[in-house]
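Quick mapping for you: the protein sequence lines, in order, are chains C and H.
Read left to right, the first sequence gives residues 1 to 286 (the numbering used here).
Read left to right, the second sequence gives residues 1 to 293 (the numbering used here).
Derived by calculation from the structure, the hints in this document are not laboratory data.
Glycine residues also receive a C-beta, built at the ideal position from the N, C-alpha and C atoms.
Hints may contain errors.
[Unchecked claim] If you only want the chain H side, here are some residues facing chain C, beta carbon under 8 Å, derived: (1) Q212; (2) Y215; (3) F216; (4) P228; (5) W278; (6) G279; (7) S280.
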Amino acid sequence: MIQLRDVSYVRLGSPDLESAENFATACLGLQVAERGKKDLYLRSDERAHSLCYSEGDPRNQTVGFEVEDEVSLQEAAATLESLGHAVHAGSAQEAEQRKVKTFIGFHDPSGNHIELVVRPEHSSRRYFASRNAGITGFSHIGLNSTDPLRDERFWTQVCNARVSDRIGDIPLMRVNAIHHTIALVRAPQAGIQHINHQVETNDDVLRSYYFLSERRVPIVFGPGRHPTSGARFLYFKGPDGMIFEYSVGVDEIEDEATHRPRQFGFEPSSFCMWGSKPAGMPLPNK
Amino acid sequence: MNNGRATPLITAVCYVRVAVSEPSASARFVSDIFGLQRVAEQDGEIAFRSDDRFRTVSLGRDLSDGASVGIEVWDEAALEMTGERLRQCGFSVKKADADECRRRYVQSALLVEDASRNRIDLVTRPTRSGRRYFPPRDAGIVQFHSIGLRSTDHVRDLAFWRALGAEVSDWVGDIAYLRIDGLHHRIALHPSARNGLLYAAFEVEALDQIMQNSYFMQENQVKIVQGPGRQAASRQIFLHVEGPDGLIFSYVNGMAEFGEKPRLARQFPLTSTSLCNWGSESNDVPELSANAL
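Throw the hints in and build the complete structure from the sequences for me.
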């Protein structure tokens with residue numbers, strides 16, 4: 001079984017790195033770690049980077065997950081190949097681009113591009129935000145799925161993800177104590193549905209709501225609260241239509257052995273217990 | 001706060017009696033929308049509960065003896081002393097007769113006016129209810145919490161409240177947050193061009209209820225005057241909503257305690273971030289806005 005430890009980074013293609021940087025610093029509040037000719041590295045926590053924009057097609061979207069060590073990585077590659085996934089072994093240059101020791105790339109059953117990485121770089125200097133959004137770190141992603149039942153099996157049986165809760169057939173899955181690291185979303189094609197950063201307090205969620213509204217950043221859902229994870233959230237739209245989320249207060253699963261996923265009905269209140277309605281953001285289809 | 005006494009003179013804001021043009025329409029707002037429990041009607045006054053008190057809000061069309069705010073006084077001795085102190089400060093004090101006490105559901109009362117001519121009832125033994133509070137909808141209301149008062153003469157009004165034993169916890173411009181118990185404030189005096197009740201605030205269980213009520217108001221097309229927001233000085237989260245006749249009712253949660261340690265009242269500038277450090281603004285109610293006056 002492939003042992004994912006944590007989500008590590010997201011790589012996004014963008015035709016306009018300058019707009020991406022403006023949004024990431026003036027609105028989202030990340031710190032620029034490094035500007036390459038065709039790459040923009042952004043920090044959100046103690047890691048050297050957790051988001052990278054590369055000049056290119058916005059449909060190029062990659063999620064990186066950290067695994068234990070090189071042995072685990074080789075085992076993962078063998079497992080994936082035995083299941084018929086084409087595995088790309090990262091070159092030294094590609095690894096350097098990702099600020100990791102080694103990595104492999106493959107596509108999940110829906111076609112999402114996934115990378116497994118070993119020893120992603122940490123920064124020796126603390127994270128210093130570009131605006132006072134209260135970000136404490138990159139935390140999880142919403143991942144499109146063309147068949148949630150099939151993909152849940154992939155993430156929980158081939159990989160070590162566990163289902164924390166379900167809304168209809170949509171699983172929220174964890175790879176460590178945090179309620180979820182991967183939220184599957186039914187969609188017609190592969191892709192990253194949203195990118196989540198945790199913030200310090202409720203105040204930060206509400207302040208950002210007013211801050212981003214004033215700057216005419218489209219708020220697509222919230223401020224609200226997920227009854228599943230307990231998190232207070234705000235979803236808003238960034239460059240190339242990518243949706244970003246701030247949230248605070250995601251539950252931890254206290255007892256791994258005895259936790260049973262709760263089933264929530266597929267209805268608006270299962271996504272927000274405060275009563276906010278998504279606007280300009282598709283909810284996962286049933 | 002106790003002026004050298006073992007017990008305080010005043011202990012709580014215990015009711016508001018409000019004059020409205022159409023009591024039945026306003027009553028629908030207060031119960032169906034805002035979520036208070038309608039309990040009684042006598043002499044044309046409709047009474048509502050929000051906690052274990054018999055009533056904390058009354059609505060009337062033409063309150064013959066005026067709209068008023070009820071302040072609970074410790075006991076008869078304290079009532080006498082507050083009357084004496086207010087007279088010494090030059091305020092007129094009238095003892096309520098039996099009928100006036102009955103209308104107010106209290107045992108005894110002094111009817112007084114601050115310098116802005118806001119009517120204040122100093123009352124003893126306001127009636128409590130033996131049955132638990134059962135609201136018409138799940139707005140999460142815990143208790144009647146505090147009031148905002150409009151003041152046309154904030155220097156003299158401050159003298160009025162200080163005579164009753166209230167102290168200023170903090171200032172935002174000339175807005176004075178007045179404390180009468182362990183909490184940051186129960187009364188906020190807002191400089192204004194006119195007198196009257198600015199808002200009546202009801203504590204809810206948590207941020208969840210503030211936000212749920214905010215979306216409930218949007219769905220029911222009720223005007224949100226300001227919020228969801230958070231006061232800088234008291235750390236209180238609030239949502240001010242408006243009913244008929246410009247009546248402002250508020251949901252609040254999370255007000256800071258003043259703490260045991262004495263400190264000076266802090267001065268905050270009259271800016272929108274002092275009034276709400278999340279970023280909400282009031283456009284139509286000048287007393288809640290930094291651009292006013």
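Here's how the hints hold up against the structure:
no.	hint	in the structure
1	Q212	5 Å, holds
2	Y215	3 Å, holds
3	F216	6 Å, holds
4	P228	6 Å, holds
5	W278	4 Å, holds
6	G279	3 Å, holds
7	S280	6 Å, holds
The structure fails none of the hints (numbered hints given earlier).
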